[in-house]
Structure formats: C-alpha cells, structure tokens
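Engineer: Taken in sequence, the protein lines are chains Y and G. Heads up, the first sequence is in the numbering used here, so the first residue is 1 and it goes up one at a time. Heads up, the second sequence is in the numbering used here, so the first residue is 1 and it goes up one at a time.
Calculated directly from the structure, the hints in this document are not laboratory data. Among the clues, some could well be false.
Stated by the list, open to error - With a straight-line Cα cutoff of 25 angstroms, these simulated SDA-like cross-link-like pairs (lysine to any residue) come out:
{"#": "1", "chain 1": "Y", "residue 1": "K255", "chain 2": "Y", "residue 2": "K266"}
{"#": "2", "chain 1": "G", "residue 1": "K118", "chain 2": "G", "residue 2": "H56"}
{"#": "3", "chain 1": "Y", "residue 1": "K227", "chain 2": "G", "residue 2": "L53"}
{"#": "4", "chain 1": "Y", "residue 1": "K210", "chain 2": "Y", "residue 2": "P235"}
{"#": "5", "chain 1": "Y", "residue 1": "K160", "chain 2": "Y", "residue 2": "K316"}
{"#": "6", "chain 1": "G", "residue 1": "K118", "chain 2": "Y", "residue 2": "K372"}
{"#": "7", "chain 1": "Y", "residue 1": "K29", "chain 2": "Y", "residue 2": "D171"}
{"#": "8", "chain 1": "Y", "residue 1": "K266", "chain 2": "G", "residue 2": "N107"}
{"#": "9", "chain 1": "G", "residue 1": "K118", "chain 2": "Y", "residue 2": "E44"}
{"#": "10", "chain 1": "Y", "residue 1": "K255", "chain 2": "G", "residue 2": "D34"}
{"#": "11", "chain 1": "Y", "residue 1": "K36", "chain 2": "G", "residue 2": "R103"}
{"#": "12", "chain 1": "Y", "residue 1": "K245", "chain 2": "G", "residue 2": "V121"}
{"#": "13", "chain 1": "Y", "residue 1": "K227", "chain 2": "G", "residue 2": "H56"}
{"#": "14", "chain 1": "G", "residue 1": "K118", "chain 2": "G", "residue 2": "L53"}
{"#": "15", "chain 1": "G", "residue 1": "K118", "chain 2": "Y", "residue 2": "V435"}
{"#": "16", "chain 1": "Y", "residue 1": "K29", "chain 2": "Y", "residue 2": "F199"}
{"#": "17", "chain 1": "Y", "residue 1": "K316", "chain 2": "Y", "residue 2": "V435"}
{"#": "18", "chain 1": "Y", "residue 1": "K45", "chain 2": "G", "residue 2": "E28"}
{"#": "19", "chain 1": "Y", "residue 1": "K37", "chain 2": "G", "residue 2": "N107"}
{"#": "20", "chain 1": "Y", "residue 1": "K36", "chain 2": "G", "residue 2": "G120"}
{"#": "21", "chain 1": "Y", "residue 1": "K37", "chain 2": "G", "residue 2": "R103"}
{"#": "22", "chain 1": "Y", "residue 1": "K227", "chain 2": "G", "residue 2": "R103"}
{"#": "23", "chain 1": "Y", "residue 1": "K29", "chain 2": "Y", "residue 2": "K160"}
{"#": "24", "chain 1": "Y", "residue 1": "K266", "chain 2": "G", "residue 2": "R103"}
{"#": "25", "chain 1": "Y", "residue 1": "K45", "chain 2": "G", "residue 2": "Q102"}
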Amino acid sequence: VTRHWLVVATLALALVGALGDDAAADTPKQRFADLKKRILAAKEKELEERRQQPDEPQVPLRLEDVPDNTAVTTRALDPDTAGNASSRTSAGIKTDLEGVEAGVSLNPGVLLSLNNNTLRELSISIASLDDSRSRFGLAWSREIAPTLLTPASVGLAPCKVDLPSFAEELDRLESSFETVCERVVQIIPQPANQPEVWFSAQIACGYKPKQDGNDPGLTEAIDGIGKVVEGARDPRVRGAMLASKAFYDDLMAFKPLDPTSCYGEKALQRGYAQTAWAAGRHRIGLSANIDLLPRVFGFNPDPDMTLPDGDVQAWKARAEYAFARRGNELAISAGYGRSRATANDELSGTLSTSLSFTGLPRALTGEPLETKGRLNIINGKLPAHFALGASVRADFAMSPPASQDTFLHLSALEAALFVDFHVTDELSFRLGIPVKGEIVVRDADAMASPPVEEKRALQWTLQPFVATVLKI
Amino acid sequence: MSELQPEGREVFQVGGNEVPGVATDTIEVSIAWDEDAEAMLIRLVDNDVAIELPGHGVPGRRGLAVTYRAAAAVQHVIEWRLTFPGRTLTELVCSGRRAGGQRQELNNADEAASVWAKSGVLS
Numbered sequence: 001v002t003r004h005w006l007v008v009a010t011l012a013l014a015l016v017g018a019l020g021d022d023a024a025a026d027t028p029k030q031r032f033a034d035l036k037k038r039i040l041a042a043k044e045k046e047l048e049e050r051r052q053q054p055d056e057p058q059v060p061l062r063l064e065d066v067p068d069n070t071a072v073t074t075r076a077l078d079p080d081t082a083g084n085a086s087s088r089t090s091a092g093i094k095t096d097l098e099g100v101e102a103g104v105s106l107n108p109g110v111l112l113s114l115n116n117n118t119l120r121e122l123s124i125s126i127a128s129l130d131d132s133r134s135r136f137g138l139a140w141s142r143e144i145a146p147t148l149l150t151p152a153s154v155g156l157a158p159c160k161v162d163l164p165s166f167a168e169e170l171d172r173l174e175s176s177f178e179t180v181c182e183r184v185v186q187i188i189p190q191p192a193n194q195p196e197v198w199f200s201a202q203i204a205c206g207y208k209p210k211q212d213g214n215d216p217g218l219t220e221a222i223d224g225i226g227k228v229v230e231g232a233r234d235p236r237v238r239g240a241m242l243a244s245k246a247f248y249d250d251l252m253a254f255k256p257l258d259p260t261s262c263y264g265e266k267a268l269q270r271g272y273a274q275t276a277w278a279a280g281r282h283r284i285g286l287s288a289n290i291d292l293l294p295r296v297f298g299f300n301p302d303p304d305m306t307l308p309d310g311d312v313q314a315w316k317a318r319a320e321y322a323f324a325r326r327g328n329e330l331a332i333s334a335g336y337g338r339s340r341a342t343a344n345d346e347l348s349g350t351l352s353t354s355l356s357f358t359g360l361p362r363a364l365t366g367e368p369l370e371t372k373g374r375l376n377i378i379n380g381k382l383p384a385h386f387a388l389g390a391s392v393r394a395d396f397a398m399s400p401p402a403s404q405d406t407f408l409h410l411s412a413l414e415a416a417l418f419v420d421f422h423v424t425d426e427l428s429f430r431l432g433i434p435v436k437g438e439i440v441v442r443d444a445d446a447m448a449s450p451p452v453e454e455k456r457a458l459q460w461t462l463q464p465f466v467a468t469v470l471k472i
Numbered sequence: 001m002s003e004l005q006p007e008g009r010e011v012f013q014v015g016g017n018e019v020p021g022v023a024t025d026t027i028e029v030s031i032a033w034d035e036d037a038e039a040m041l042i043r044l045v046d047n048d049v050a051i052e053l054p055g056h057g058v059p060g061r062r063g064l065a066v067t068y069r070a071a072a073a074v075q076h077v078i079e080w081r082l083t084f085p086g087r088t089l090t091e092l093v094c095s096g097r098r099a100g101g102q103r104q105e106l107n108n109a110d111e112a113a114s115v116w117a118k119s120g121v122l123s
C-alpha cells in the first residue's frame, strides 16, 4: 500500500511540475520581446553612463617609450653621434653616419623583437671611416611623449550611436530568432554533455521556464543557441538547420550595439598622431663612440715611422636633447672626448657642442599640412612636406698644443643649411650645404731655409651639396 | 577597492550588474600583453550589460585585471575594448574566471594596433 502511495505521489508531483513548466514557458515571440526589451534597456543605460562620464583631466607629460608611430617621430638629433638618428622602431638600420664610407647602426632590441624598453632604445653602430679608421658606437635615446590612452585624450568625440536604429535591427532579427527556435532548437534532444547550455537555449526560446541563474540575455541566448545547434549530431536537427540556414546565419551575425565602435585602429592612430604633433615630444639621448686606427703589420719600408697599431684615434661621449612640435624641431648636444690630430700626437681633451633647428614646414603637394589646427592625416599618412633647417657643431680643444692658435681653441667647426624632405613615413632625406673646418698640421722643418715651425690651423671645406638619408 | 593577484597585478573591483535578490556570479577578467606599455580598458560588457568602470577606464601596464559581480548565468558573453593609441601590442590574451573557478581563455591576438576589441564566452 505504501509503495502504491509513493508512486501516486511521484506521478502527482511530476504532473504538477509539468503543468508548472507549461504555465511558465513562453512562445519564442514572447521571449524575444522580453529579450529585446532587456537589451534595449541595458544599452540605454550604457549610453547614459557614457554621457555622464566627466571630461578627461589634462594629460601630464610622462617618460614613455616611443610608440610605433613614425608620423611624429623626431628626426636625427645629431647624425655625427649616431645617437638618435632615424626611426629606431620602423627601420632598425640607418645609413646616416657622417663621414662614413660604409657602416650600419642597428637596434638589436628591435631586430630581435625584445620587449625590454631600455634594450630597444639602445643602438650599436659599426663603421669604417674615410681614412681607414673604424668606429664603434653605442647610443641610447628615449622620448618623453604624452601618455594618451583613451579616445578622448587623442581628441576623438563620442561615437554617434543610434538606439532607434538598433531597435529596428532587433525587429528585423525577430523572424530569424523565431524561425531558428521553432524549426531547430525545439527539436534538439537534450545532450549528455553541457545540458545547462541546452537548457539555456530552450529557456531563451521560451520552451522552458526561466530559472534563477539561468535567464539568458539576447547575446548569451544567441551564443547558447549557436553552441547547441553546432553541437547537435541528430540528422533531423542537421537537416532542419540546413533548411533554415539563412535565418540561422542571420541570427549568428548579430552584433550587439557598441557605443565605442567608432574607436577603431585608424581613428585612434590618426588622433594620436594629431595630438602628439600639437603637444610636442621631447627626446633625450646619450652616446659614446670610439675611432680606432688600423693595425698595420709586416714589412715597414721606413723604420723611422712606426706602423699604426690599432691605437685609439678619438673617443667621444655626448648627451643630447631635442624638442619637436608641429614640424619644428630644436636639438642641442654637449659632449667630451679625447682625440689626436696625427698618429704621433698624444690624446687631448675636446669639448663638443652642437645646435640644430628645423622649422617652417610646408607641404610638397597641394594638401595642407594642417587643417583647423590639426595635423592633416590622409589615409593614415602625413602629406609629403619639407622643412628648412640650420645646424652648427663646434669642438674646442681643452689643452691644445702650442702650435695651435685658433679662436677659443676651436679645433673643429661645421655649419650647414639644409632642407629636410619628408616624402613618406618610410622615406625622408636631407639636402644640405655644409661648411666644415678641421685642424690640419704643417710639420716643422728645421732643415728648411728659413726653418718652418709646426703650425696647426683650421682648413675649411665647402661642399655645395650633401644628401643624407634620414630614414628608409 | 583593489587587491593583488598572486602574480602581483592589481585587480580593480568595479561596479557590476547585480540586481538585489537575484543570484550573482563574481567574475574576474584579465588582459595581458607582452610589452612594457600602458593600455586602458575603456569598455567591459557582461551579457549585454556594461560594467561600470572607474573614471574613463581601467589602466594597466603589461596587463590589467578587474573583478565584478554579474547576474548569475550559465555563460557569460564578455565584450571588451582595450585602447592604446599609437602603440602596437603583441601576444594579447584575455582570460576570465568565476570566483574559485578555473581560468579560461576568452580570446587572444598575436598583435593589435591602437585598439583590441573582442568578445569571448566564459562557461
């Protein structure tokens, strides 16, 4: 008797449960109406929260690694030192070492794709100079640029989001949702694996009542439907899915409204280039290089002269600073080094300074360089442009030999007027007219009549035209 | 409020989409990248509901993590937009986990320039 009562009670509970299920379940149409209402409410709330966001505070300047944006990278600080020339990140190899017959400067960190910023900022240069000397150099540079992380910080306005259009999209989606539910989801048997996702899909279509913790929103519902449909192995389900493929594909292509969708790669990069162009970028650099004489050995036809033995001809350490803004750039440097004018001299100390200015940028084509005060980026690139510049570099001997009688102990001077051409982000070069003064030595000759004393003085060279590739 | 993850990354606890009286899940979402560079999470959405982020977003260097409470669900479809204007980040990975649960990869990318906006499903 007890067993009979138990069976009756179980059946009654099952019946009540089934009735309850039916009472709580909806049709796909009713459930979609609910899903639409919920997602529209959620998106409206999100849009309102975005509207309420306060304005961004002023962005402070901070030490930062150079972003991979060549449009606003400063040019070479001083080609002589190899400290900062060219784009470290885009090229890796540069070709603008002054006085070099052949040489390379490369950034091992960039070439090896290392993620350490300091290593990426280091460059090594190796070159053979025009009088059989060899140069080895090490340089480090860093840019101080504004840290710009958000769309607003790079001048992008809020995206134009149209909630009514999204609601219309949802209206169009309704028939696909209902068709997929009625023709496919309804006939999918409960799988052994992931039954909770199956339940979720059934709930989304209204075939099962909502549960606490299982009341999917529209995006979750569509994802769940996709998972159970793709996972179904029943041929009936596969056939139904193929018969309703257009509706199924339409449903799976659904993209929920995103009020940040206009902040794509191109918009952010353009905004960054424009903001950094106007805000300015500082750059500091340290460099050191050493010039070695060749090592000559074997037969010496003149025993009075010693053969070069790989001695140091010069070394130099230098600190550099540059500031670039709106296409104008100022660069200064100071350094100390020791060098010898001839192989028989002792090394003597030299102070070195340089100053360079580039400005008055003008477009090479009909496109203006700036529009409404913002950099004119066309298809992600700057218009081709040029800028005028001047530079001067002076070296002063700290304790010159008695035979050197130059103004302020000047031991080298170079001044140049130039035009920098920025053709593309990948190619820029400089045409210049440099005048260069270097110490040359007249040897003493006691046998001459009258005797000739040693004299060291500046000899000037005017080269009418020099082209330097700044970046390839 | 914030706490530290075992790997030392700060976890931002942000406003969720919980509804009083409704069961919730505590979710942790982490995004990591290779470069020692900053980026900002400006949008995070869980099952269509935007998670309120502090200020203009959650910043991070090399990575970031946020925890929030969301209405309990079988699956959490999580959307995000990470911005880093002018930079290129590599080996981006977004992962998520429920409180006490296993971490699951939600999506990844070899490289992204200026922005990484994707979605993934936390089961």
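Engineer: Given the hinted pair G/K118 and Y/V435, is their alpha-carbon gap at most 25 angstroms?
Structural biologist: violated (57 angstroms)
Engineer: For the pair supplied as a hint, Y/K245 and G/V121, is the alpha-carbon distance within the 25 angstroms limit?
Structural biologist: holds (23 angstroms)
Engineer: Within 25 angstroms, alpha carbon to alpha carbon, are Y/K255 and G/D34?
Structural biologist: violated (29 angstroms)
Engineer: Would you check the hint for G/K118 and Y/E44, treating anything up to 25 angstroms between C-alpha atoms as holding?
Structural biologist: Holds. G/K118 to Y/E44 sits at ~21 angstroms (cutoff 25 angstroms).
Engineer: For the pair supplied as a hint, G/K118 and G/H56, confirm whether the alpha-carbon distance does not exceed 25 angstroms.
Structural biologist: With a Cα-Cα distance of about 19 angstroms, the restraint between G/K118 and G/H56 holds, given a limit of 25 angstroms.
Engineer: Starting from Y/K29, check that the Cα of Y/F199 is at most 25 angstroms away, please.
Structural biologist: Cα-Cα ~18 angstroms, so holds.
Engineer: Next pair to validate is Y/K227 with G/H56; report whether the Cα-Cα distance is within 25 angstroms.
Structural biologist: Judged against 25 angstroms, a Cα distance of about 34 angstroms means the pair is violated.
Engineer: If you draw a straight line from the CA of Y/K45 to the CA of G/E28, is it 25 angstroms or shorter?
Structural biologist: holds (22 angstroms)
Engineer: Does the alpha-carbon distance linking Y/K37 and G/N107 stay inside the 25 angstroms limit?
Structural biologist: Status violated; Cα separation ~29 angstroms.
Engineer: Y/K45 and G/Q102: Cα distance at most 25 angstroms?
Structural biologist: violated (31 angstroms)
Engineer: Given the hint that Y/K36 pairs with G/R103, does the C-alpha gap stay at or below 25 angstroms?
Structural biologist: Between Y/K36 and G/R103 the Cα gap is close to 31 angstroms, so the pair fails against 25 angstroms, i.e. violated.
Engineer: Checking one constraint from the list: CA of Y/K29 to CA of Y/K160, max 25 angstroms. Satisfied?
Structural biologist: Not OK: Y/K29 and Y/K160 at ~30 angstroms, beyond 25 angstroms, violated.
Taken one by one, the earlier hints fail for this structure at numbers 3, 4, 5, 6, 10, 11, 13, 15, 19, 21, 23, 24, 25, listed in ascending order.
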